[in-house]
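Student: Chains as they are written, first to last, in the numbering used here: chain A, 1 to 409; chain B, 1001 to 1061.
Just to be clear, a hint being listed does not mean it is correct.
[Claimed, not checked] Simulated crosslink set (DMTMM-like; lysine to aspartate or glutamate; CA at most 20 Å straight-line):
(1) A:K191 with B:E1061
(2) A:K151 with B:D1012
(3) A:K51 with A:E268
(4) A:K92 with B:D1012
(5) A:K317 with A:E405
(6) B:K1058 with A:D161
(7) A:K51 with B:E1061
(8) A:K118 with A:D171
(9) B:K1058 with A:D196
(10) A:K150 with A:D161
I should point out that these hints are in silico values taken from the structure, not numbers from a laboratory.
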Amino acid sequence: MASMTFITQIFRDMRNQKLRTLLTIFGIVWGTAAVILLLSFGEGIQLNQQKAVRGLGEYIVIMWPGRTSKSFEGLPRNRRIRFKAQDAELLKSVPHMKAVSPEYSFWNARARVGRRDKLVSITGCWPIFSEIRNVIPKEGSRFINQEDIKKRRRVIFLGTDLAEELFPDIDPVGDYIQINNVPFLIVGVMKRKEQDSSYNGRDTRRTFIPSTTFKTMFGREYINNIVFQADAPERMPTVISGVYEAMGRKHKFDPADKQALSLWDTSEMETFFNTFFMAFRIFLGVIGAFTLIVGGIGISNIMNVVVEERTKEIGTKMALGAKKRFVRSQFIFETMFLTVIGGFVGFAFSYTVINLFPYLHLEEYVGTPTISVSVSVAAVSVLGVIGLVAGYFPARRASNLNPVEALRL
Amino acid sequence: MLPERLVTFRNDSAFVELLNELSEPAETLITTGLSDGLNVEIASGLIESTQVVQRPPKEIE
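Starting from the given sequences, assemble the full structure and let the hints guide the process.
Tutor: Below you can see the structure in the form of structure tokens.
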């Protein structure tokens, strides 16, 4: 019953003070939209960045040979280390190693299709390279397979942009491409991906052939580098020390000699990104929350004015025996009511913005914002706290009025 | 004959994925014959007109 009275009173009050109510609600709408939009855009940007970071591979290491910096077992320092494909074979047995592939590189090979001509870089690798480096074949395509390696087949896998430039408007799979005047069968094209860091150029402009074919064709004994991946991101340090151990034994250098191998551990990059984006999102959330708090202060002020205006009414109620609790809950209820309406409108507004956003085609730069569960929970809890706090102080003031004083005004 | 992209080669053996009774993809050993790099002859392990599982390209997340 009491709540019905509250509601009729609220509506009466709102009707009497249309502009004031509207402005109050607007403050909350704006604050809610700020919290939700900032958080969901933050999340969209983070996911987008993560995708781009992982375009190079998920928690992988790219390893180049270096020079020894310590003498070891009678061998001098400053010795050059060089890798062969067997080194990659050897690393397979390092504990917690998930995948390894050697990488041969040849820059400026001439690729020709009909009259089109291009200088491309050729990579010789193993089939597992596709998984390590996220070089994913698109539908109807395949990467190099074990048969290609075994039979040294002249097959080639093309990066997305390169395939489009050499074969505009047609699917190149099944076609031939001349690499330094040797015909290669195209077995696959890479699925488009974002990649924000690279070595030897972007994957989208590279070509991949079986390591064995590469070795035969270019007569290379040594590989350029090795890529590998641990079976779990947190095991990366163990795997890296295992790699130093195994390579040190093979190439006779001290496993503590860090300069003998040059490692690029992309998991460090990913950890950095995660930390950075955590801070970034907290920052956005705090900005949004402050906007909402300003809205809350607005509502609290308005309620104070309402208490002032209704002093007589409150006095009458209390004189007739209304409890403090009743008066207090009336005002808290009214504040909460306005907060809920504002919050709801704010939610609806953000939802519309976020659903219309994809039509702007900006995903490449800022990703796709999404209202996730965590964003909603954050927004609703901030709203709830603000509604309560904003309502509490005016309500306490109202309920502490002395009925005699209140009536005398 | 099968598109070679559907065949996995591992340790000198070849596999394809077929749906088992629970409609889950399960690897089946096959032997392959000649191949032109795109299509491969199936010598045994698979009967004509069997449906082979084709997985969609992996998504980077």
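Student: Determine for every hint whether it applies to the structure shown.
Tutor: Structure-based check of each hint:
A C-alpha spacing of about 14 Å is found between A:K191 and B:E1061, which places the hinted pair at or below 20 Å, so the restraint holds. Of the supplied pair hints, the one linking A:K151 and B:D1012 holds, its CA atoms being roughly 12 Å apart against a limit of 20 Å. At roughly 15 Å between alpha-carbon atoms, A:K51 and A:E268 fall within 20 Å of each other, so this suggested pair holds. The hinted pair formed by A:K92 and B:D1012 meets the criterion: a straight-line CA distance of about 18 Å does not exceed 20 Å.
Proposed proximity of A:K317 and A:E405 is supported: the alpha carbons are some 13 Å apart, at most 20 Å. Between the alpha carbons of B:K1058 and A:D161 the distance comes to roughly 19 Å, so the proposed pair stays at or under 20 Å and holds. Between A:K51 and B:E1061 the alpha-carbon distance is near 6 Å, which keeps this suggested pair within the 20 Å criterion. As the CA atoms of A:K118 and A:D171 are separated by approximately 18 Å, the hinted pair is consistent with the 20 Å bound.
For the suggested pair B:K1058 and A:D196, the alpha carbons sit about 19 Å apart, so the restraint of at most 20 Å is met. Proposed proximity of A:K150 and A:D161 is contradicted: the alpha carbons are some 29 Å apart, above 20 Å.
In this structure, only the earlier hint numbered 10 is contradicted, and the remaining ones agree with it.
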